[in-house]
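When you get a sec, could you build the whole thing from the sequences and use the hints?
Numbering-wise, full-length UniProt numbering puts 303 at position 303 of the sequence shown, and it's gapless, one number per residue.
One thing to keep in mind: the hints can contain errors.
[What the hints assert, rightly or not] Only pairs whose alpha carbons sit at most 25 Å apart, straight line, appear in this in silico BS3-like list of lysine-lysine:
(1) 102 to 119
(2) 261 to 197
(3) 210 to 197
(4) 315 to 304
(5) 299 to 315
(6) 261 to 210
(7) 210 to 102
(8) 210 to 119
(9) 119 to 55
(10) 55 to 102
No lab work stands behind these hints: they were computed from the structure.
Owing to the predicted nature of the structure, the values given are computational and were not obtained by experimental measurement.
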Amino acid sequence: MAKRKLTRRQAWRIEKIQEERTKRASRKDAQLDQQLEGGDLGPEQEGLIISHFGKQVDVEVLAGGSTGEIVRCHMRTNLGQLVTGDRVVWRAGVDHGVVVAKLPRASELIRPTNHGDLKPVAANIDQIIITFSVEPMPFANLIDRYLVAAEISGITPVLLLNKTDLIDADNREYIEGLIERYESIGYQVITVSTVQKDGLSQLLAALDNKISVFVGQSGVGKSSLINELLPGVDIKVGALSEQTRKGRHTTTTARLFHFPKGGDLIDSPGIREFALWHIEPERLLEGFIEFRPFIGHCKFRDCKHEQEPGCAILKAIEEGHVSPSRMDSYQRILGSLLEQP
1 MAKRKLTRRQ
11 AWRIEKIQEE
21 RTKRASRKDA
31 QLDQQLEGGD
41 LGPEQEGLII
51 SHFGKQVDVE
61 VLAGGSTGEI
71 VRCHMRTNLG
81 QLVTGDRVVW
91 RAGVDHGVVV
101 AKLPRASELI
111 RPTNHGDLKP
121 VAANIDQIII
131 TFSVEPMPFA
141 NLIDRYLVAA
151 EISGITPVLL
161 LNKTDLIDAD
171 NREYIEGLIE
181 RYESIGYQVI
191 TVSTVQKDGL
201 SQLLAALDNK
211 ISVFVGQSGV
221 GKSSLINELL
231 PGVDIKVGAL
241 SEQTRKGRHT
251 TTTARLFHFP
261 KGGDLIDSPG
271 IREFALWHIE
281 PERLLEGFIE
291 FRPFIGHCKF
301 RDCKHEQEPG
311 CAILKAIEEG
321 HVSPSRMDSY
331 QRILGSLLEQ
341 P
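See the structure below:
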C-alpha cells in the first residue's frame, strides 16, 4: 500500500512538534550544565542502569556507603541511547542524579523497530535466554532468528522451553523433535514448568554469576518464570488471547534484577517477530553454527548454497552433517533479508 502524502498543514505541525522537543531537550541540558558548573552536584561515581523511563533512568549505586541504593537520574542528550545494563558515570543532586557519561559496552542486544531503525534492548549481557513454550506453539524459524541474532552479536544463547506441563499426546512428538533439533548441534536446552516446579534448579544454575536477558514471544511465560525465581518481585503476568493463543505484552520496559546468589537478569518486553533487517545477508551463514566448518569451502566464491556444483554446505547436508530443516530455515530467513529495501 502506497504511503499517504502529508498535507502542508500536517507537515507544518510535525515540524513544530519536533522543534518544541528539541527546545525542551536544549533547556534540560542547559539546566544540567548549570548544575554541573555551579558545583550543585556530588562527585562522579559509577552506577548501573537497572531500568529506563523515557528521559530518566534508575541507576544503582555500585560503591561506597550507599551501595545498592537506587537513584532516579536525568540523562544528558549527548550520551546517545542508554539501556538497561549500561554502566555509567553519574553525579548526585538534591532531588535526582545526573548521568554524565556512558562506559564502554562489552556487548549489546539490538533489534530493528517497526520504522526500520536499530534499537538496543540491553547491554553488557553474558547470555541470552531464548524462551519458548509448549503454548503458544513454538516455531523453529522464529527460534532460529533469535539464535542468529545472538550468534552475530557474540552473546551465548541458551534455549529455555517453558510450560512443559502442557505436553500431551498431541504435541509430544513435535516438542521432542524441536528439542532434539537444537541439542544435536550443541545448544543447551533447559525445560521447565512453573506449575509443576520442574527444571527450576537447572535454570538457576545456568543463570548463576552471569548477566542474562530473557527474550521470546509474548505469552511464553517470562514474567511467570521471574516471579518463581525471584519471589516478591511481582512481575505482571498476561493471559493468552483466546482467539490467537498469542500473548499480550505485559512488560513495558526492560528491568534488571539481582539473584541472591549472584548473577543478574534483564527482563525485556515481549517480541512477536524478531526481525533481522540489520544483518547483512552475507553474514547470515555465521549465525548457523553447524554451517561454520564448511563456510569458504565451496567451489565458487559466489555460491548461493542452492544447487550449485561443489557447494560444501549442500554436500554437508548429503553427508548428514547439516539438517535439511535448518538449511530451509536459513533460506527463508535469507529471503526475508533480501526482500528488505
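Consistency of the hints with the structure:
Between residue 102 and residue 119 the alpha-carbon distance is near 17 Å, which keeps this suggested pair within the 25 Å criterion. A threshold of 25 Å between alpha carbons decides the hint, and for residue 261 with residue 197 the separation of about 19 Å falls inside it, so the pair holds. Of the pairs offered as hints, the one joining residue 210 and residue 197 holds, with about 22 Å between alpha carbons and a cut-off of 25 Å not exceeded. For the suggested pair residue 315 and residue 304, the alpha carbons sit about 13 Å apart, so the restraint of at most 25 Å is met.
Using a Cα cut-off of 25 Å, the hinted pair residue 299 and residue 315 holds, with the two alpha carbons roughly 11 Å apart. With a C-alpha separation of about 11 Å, the suggested pair residue 261 and residue 210 falls inside the 25 Å cut-off, and the hint holds. For the suggested pair residue 210 and residue 102, the alpha carbons sit about 21 Å apart, so the restraint of at most 25 Å is met. For a cut-off of 25 Å, the pair hint linking residue 210 to residue 119 stands: about 23 Å separates their Cα positions.
Of the pairs offered as hints, the one joining residue 119 and residue 55 holds, with about 15 Å between alpha carbons and a cut-off of 25 Å not exceeded. At roughly 15 Å between alpha-carbon atoms, residue 55 and residue 102 fall within 25 Å of each other, so this suggested pair holds.
Checked against the numbered hints above, the structure breaks none of them.
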